[in-house]
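Participant: What follows is the residue order along each chain.
There are 2 protein chains.
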Amino acid sequence: MKRKIYLNMQPLAEAYALFTDKFANHTTASETIPSHEASGRVTACPVTARLSAPSFHAAAMDGIAVQAATTFGASDDSPVSLDIGGKQALFINTGQPLPDSYDAVIMIEHILLAEDQQTGIIRAPVYPWQNVRKVGEDIVATELLFPSNHLITPPDVAALLTAGCPDVKVRKKPQITIIPTGSELVDIRTTAIVPPGRTIESNSAVLAALAVNAGAEVTVTPIIADADDTLTTNVMDAVRSDADVVVINAGSSAGSADYTVKIIEKLGEVLVHGVTIMPGKPTILGMIDNKPVIGSPGYPVSAIISFEQFVVPLLEAMQGLSTTQPAIARAILARDIPSRGGIEEFRRMITGKIGSNLVTLPLKKGAGAITTLTRANSILRIAASSEGETRGSKVNLELLRPQSQIENTLLCTGSHDLCLDILHDLLKKNSPYTLASTHVGSLGGILAVRDTMTHIAGSHLLDPASGEYNTPYITRYLQQKNIALITLVHREQGFIVLPGNPENIQTISDLAREDICFINRQSGSGTRVLLDNELDKAGLDPDDISGYDQEEYTHMAVAVAVLSGKVSTGLGIRAAANALNLDFVPLTEERYDLIIPAEYLELASIQTVLSLITSSQFSKAVAEKGGYSTRETGIRVL
Amino acid sequence: MKRKIYLNMQPLAEAYALFTDKFANHTTASETIPSHEASGRVTACPVTARLSAPSFHAAAMDGIAVQAATTFGASDDSPVSLDIGGKQALFINTGQPLPDSYDAVIMIEHILLAEDQQTGIIRAPVYPWQNVRKVGEDIVATELLFPSNHLITPPDVAALLTAGCPDVKVRKKPQITIIPTGSELVDIRTTAIVPPGRTIESNSAVLAALAVNAGAEVTVTPIIADADDTLTTNVMDAVRSDADVVVINAGSSAGSADYTVKIIEKLGEVLVHGVTIMPGKPTILGMIDNKPVIGSPGYPVSAIISFEQFVVPLLEAMQGLSTTQPAIARAILARDIPSRGGIEEFRRMITGKIGSNLVTLPLKKGAGAITTLTRANSILRIAASSEGETRGSKVNLELLRPQSQIENTLLCTGSHDLCLDILHDLLKKNSPYTLASTHVGSLGGILAVRDTMTHIAGSHLLDPASGEYNTPYITRYLQQKNIALITLVHREQGFIVLPGNPENIQTISDLAREDICFINRQSGSGTRVLLDNELDKAGLDPDDISGYDQEEYTHMAVAVAVLSGKVSTGLGIRAAANALNLDFVPLTEERYDLIIPAEYLELASIQTVLSLITSSQFSKAVAEKGGYSTRETGIRVL
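Residue numbers (the working numbering), protein chains in the order written: chain A, 1 to 638; chain B, 1001 to 1638.
Careful, some of the hints might be misleading.
[Claimed, not checked] On the chain B side, residues computed to face chain A include the following (Cβ under 10 Å):
no.: 1; residue: 1053
no.: 2; residue: 1079
no.: 3; residue: 1080
no.: 4; residue: 1081
no.: 5; residue: 1136
no.: 6; residue: 1138
no.: 7; residue: 1143
no.: 8; residue: 1149
no.: 9; residue: 1164
no.: 10; residue: 1167
no.: 11; residue: 1206
no.: 12; residue: 1212
no.: 13; residue: 1368
no.: 14; residue: 1369
no.: 15; residue: 1559
no.: 16; residue: 1564
Please keep in mind that the hints were generated in silico from the structure rather than gathered at the bench. Here the structure is a predicted model, which is why all the values come from computation and not from measurement. Glycine included, C-beta positions come from ideal geometry on N, C-alpha and C.
Build out the structure end to end from the sequences listed, making use of the hints.
Facilitator: Take a look at the structure:
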């Protein structure tokens, strides 16, 4: 096995220029399609009107057509009487052609009709062409309707039809072929049970969806195993097909099974191998038979970011479109984000509006974690020249959702509880609000409240001295703030163990047994405080416990560690054990509260939260999780 | 004919509430679809993960799998040697499962391989689980992936597949039936030549495109004539079909052919008839057999705005989505916009970025002019309680295009010339910039430059005293500014007449003939100044000329007035006559310049303009129009 060597590593802008310069004139051919179906397509040449609109002088109102001159002098004192149906006036409806001898329309509201409906009295004159839509008032035949490279909108369709253009010449949709590769991959559509050690292929579906959104038509080939010949044949088949762009996913880095770069090199030219972005570094930009061929990274977030940076702009350019720029907003950064110099980072962020500011928090970095992208509503780009951003600074975010939706995002930072997911679901069902929770432990949540970086903090911090939950910490950390403390649930904490409790863990003292390997929660979490308190009461020392230094950040992560057999047990809530069909040995019950600055209680979003947690929908869903009580849910403690 | 009476006129918010309250629980049924096809759909219930991801401990890097403990102590001074392929270490690629006895991966870059490839030397330890993606690190089986009512994005598709969900329960697409009505309408797909007095039906296509964008499936019925029985039958057929929503377009006001309200009243209930918005007032919101039935206005802009305000949010709500809010931006208003109190106005605006501010100009008001919507890139809503907005004030705009595209819009305010359309087309073809021209006459353009309300002003203002174009006016009005004056074209001005010049118009004196009816340009336009100068030279008085007081705003509008037979002639450019196959009697040649504040010459957009006007593409296209010379194009006069 060789060292990873990137053949031609480039910064983003340079890589993009090296690539797109080769394909600057690769716009797709044009085709003529019905204007009815043209919304979302791009004009291939200037479009000029064939007919004027209106194509005749038309009544702009319901009323009577007249010669304006016959109405001159009409007033309250000297009303004018018109013979309707004779030569003087004629009933006319909006849109009807104005007969030749008339040059104005009097609105029906301004006419007093005699009983015979044949005489109309008016008390004010009209001027020539009043209430008339003149020929060409909207569109003049021969005039430019749309230039080349114009993205046709729904209203544009109406303009095309009105201007007598039943069809329009547009750019053909670019064709893209996506080739998923990897011996470890399975197609979940054809594989009911995923064999151990195999991975579900998901990149081709997301890249296909991104390509469709960019106006392309997509072919996804079956999964190709990591065998040079098959892949070579498939790549050449794709290049020789109608495809305008070919994407090979993955095999773009330089492991022993990473054939992509060798194949592109053999069949064509590698322009760029490696881009100094993260995620997305192992991107290959190449060319075979004068067609763009991209080797896209295997990790899902890398694959998506690389595709958005290189393939989407190429697909847009092929249709004659400029690159769509994401909407940008300024936000206050809620945490330090260190970054490695020399590489441009795309951090996935959760952003919400607190007071008049947007506040943004980073999600995990891992390129392998697709949920960092599905949970994010914004992206923070940290330049290669930067070593990161500091908490409290103002940063530019690229928005992944409409700004209104980001402003309707309620930030919930602090301890994790499964009931927050129930609340999230109920909010989406019943309101325009989204609950975005990030898990930093109870103490982290309290500090976020202190610094105006969250709307809500979930907390279950026991004060060992008083035996009280949360209030002593609020007194200590939040004395400057007017705080509402509202109980969400009571919940059982205990030992999560394998089904049947094979290692017979019953009490806190069992953690000190030599055969037991424990997994801990991070310091600052309520569960950690609880553990330390129980150890203290039992006279045990952390050093006595194997695995005390191994930390996870959520109850579910603890449960997964137990399920995977890597540890014997961890402290967590019953619902987490239930969720994975594990067993549970109760240790204590604790109170889990929501800490909310009192000033936010007036917000419609918080009002909705408070009303939902006391609903029967909520208590019913909580009961189904097991290990919870809602006996004090919604009670304001402070 | 009766007076127009709106049965139940309501302000927008009240009308919306009256309507949507009736249909609050009308979400569509759910259906299960492949996750591969789910991008853009909306979850019908909470989606939980069926599998964890990774589903096994997996190598996060290419390298060798080891037990971390065997690497402890490795350093530059005491490298550790590992037997690869034996029990100590194993080659592993990214994504492969970590065999049971190992708990870490050493990156291939950090291993010095012996020649036999079987021994690896390392100079630093790894800690347990380093470079390993642990089970459930991304997704834990049973956890909430997405709540109800979640709009599925492309990355979400990857999360669904990765979490073992090959399909997903989503809301069915709402079905909408659109019934175009009107005896005057023709379908341009089936009617090669539009008969005189008939109108091309275009609303159903634009409403259908808007509905598709809102996630609906659309049925458009054939055009129904204004005959009560046919329409009644068709409406009932639609209501009894699978349609979730029925839209009748138009016949929603109260003219003699406006049957819609009567039909809804007869078959069901009219909730709202008339909304105090403009355009969009004659909207009917009704209900038949518990289904929403909308009578939508006939004017295209009214139809679109009414549909966007009432039908699009309904279609979104039926899928469980909140109403999409348009992006908002602040802009400086370049003109006064008076507004009638008591009615909420939706003014179509052109907006561009000048310096650090967005600047916005209103387009025409007419609800019949679809081009006011196709040319607009933003909407200014003027509240019913307001009597308008004043020039220079900051207003909130709803953006119809991405902000980046609006910021790439070059404002060109002033005199109209057809060569600006050529420039517009070349810009779209060769750059990300859009030229948005509004026609206010040469003097209007100069004043816009003075007030920093435009990037470019087109001008051909003759100074009669000196015989010079533009420079005397720049001295007079723009002495505070550093101005670049750049010639665009020379062009012939003359009399636009019917083919064959049947009225034998040859000189300026002919305008004073009794049998000649003239059409003028607005005051402040260069053509008006030219006319007045020529009249003066010929010793003629405006009062001598019949039609001197009738004004049009563009050359093309003058040409259309001649073509329609309403006037004998007007003064304009040869290209306008050519465009409509009219004849042209030359009077003089004039210089048409671009006035650009010198500080903008540095802008990439203006640089592009200056390079394009001196291109052969430009001069060739200009020559084709006729009546132009590019002999001095691109020369900087000032």
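Participant: Hint by hint, note whether the structure agrees.
Facilitator: Now the hints, each set against the structure:
no., hint, verdict
1, 1053, "holds (8 Å)"
2, 1079, "violated (17 Å)"
3, 1080, "violated (18 Å)"
4, 1081, "violated (17 Å)"
5, 1136, "holds (4 Å)"
6, 1138, "holds (4 Å)"
7, 1143, "holds (6 Å)"
8, 1149, "holds (4 Å)"
9, 1164, "holds (7 Å)"
10, 1167, "holds (9 Å)"
11, 1206, "holds (4 Å)"
12, 1212, "holds (7 Å)"
13, 1368, "holds (5 Å)"
14, 1369, "holds (4 Å)"
15, 1559, "holds (7 Å)"
16, 1564, "holds (4 Å)"
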